[in-house]
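Once you have looked at the hints, place chain B on chain A.
Quick note, the sequences are listed as chains A and B, same order. Residues in the first sequence are numbered consecutively from 1, following the numbering used here. Residues in the second sequence are numbered consecutively from 1001, following the numbering used here.
The set of hints was computed from the structure by calculation and includes no laboratory data. These numbers were taken from a predicted model, which means no experiment stands behind them. From the three backbone atoms N, C-alpha and C, an ideal C-beta is built for every residue, glycine too.
So, partial list: chain B residues that the calculated Cβ filter (under 10 Å) puts toward chain A:
| no. | residue |
| --- | --- |
| 1 | Ile1004 |
| 2 | Gln1006 |
| 3 | Tyr1033 |
| 4 | Tyr1035 |
| 5 | Gly1042 |
| 6 | Leu1043 |
| 7 | Arg1044 |
| 8 | Leu1045 |
| 9 | Gln1056 |
| 10 | Leu1090 |
| 11 | Cys1091 |
| 12 | Gly1103 |
| 13 | Phe1106 |
| 14 | Gly1108 |
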Amino acid sequence: AQSVTQLDSQVPVFEEAPVELRCNYSSSVSVYLFWYVQYPNQGLQLLLKYLSGSTLVKGINGFEAEFNKSQTSFHLRKPSVHISDTAEYFCAVRTGTASKLTFGTGTRLQVTL
Amino acid sequence: DGGITQSPKYLFRKEGQNVTLSCEQNLNHDAMYWYRQDPGQGLRLIYYSQIVNDFQKGDIAEGYSVSREKKESFPLTVTSAQKNPTAFYLCASRGLAGGPGTGELFFGEGSRLTVL
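Chain A extracted, bound-state conformation (with noise of 0.2 Å):
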């Protein structure tokens, strides 16, 4: 069975600093792997994914991630963040053959000046 673990539910983070939230799969069997975005009172959007190829995946939005099979993890980074990057992030993960994408329970970023 396919699981996500996001161990940090909420992160403050000052304007400009740069910030990383933390993502671990399980899994028996080759994965493909996501980070989402969620505004208030909005549907989710996708911010990156890793299928196959290189392990540094880039996204929309200046983030990042960096898929670590050893570690099971795809942490997401930014170098510097800005107010607007308020939101909450979900990490996501499908095996290559199950339909259903599995989602951990969120990590709230709050970006302050």
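Just chain B now, kept in the frame of chain A:
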């Protein structure tokens, strides 16, 4: 523009009433999904469908029902049997043809149901 439309965005109902949430997509996607979102619990899968006239239960299907009579439409009914129906409901779709790149889900804007 292509996308997923959910309606209504906000819905209030009395306890014991059935409620149907609409989800329509014009992305020509084969698979459609319904998720429930509660604070601190992330997204939990209710039902999904990979083809017309077929659907499967997700992790929390009890108290819900769906139909898939058309490729574009996947309505969700929240029945009176659902013990705690107040939540934010998200519909999503995914194309199945073409390999791993189709793993991405596209989401609607959500429907917030409040049971009084």
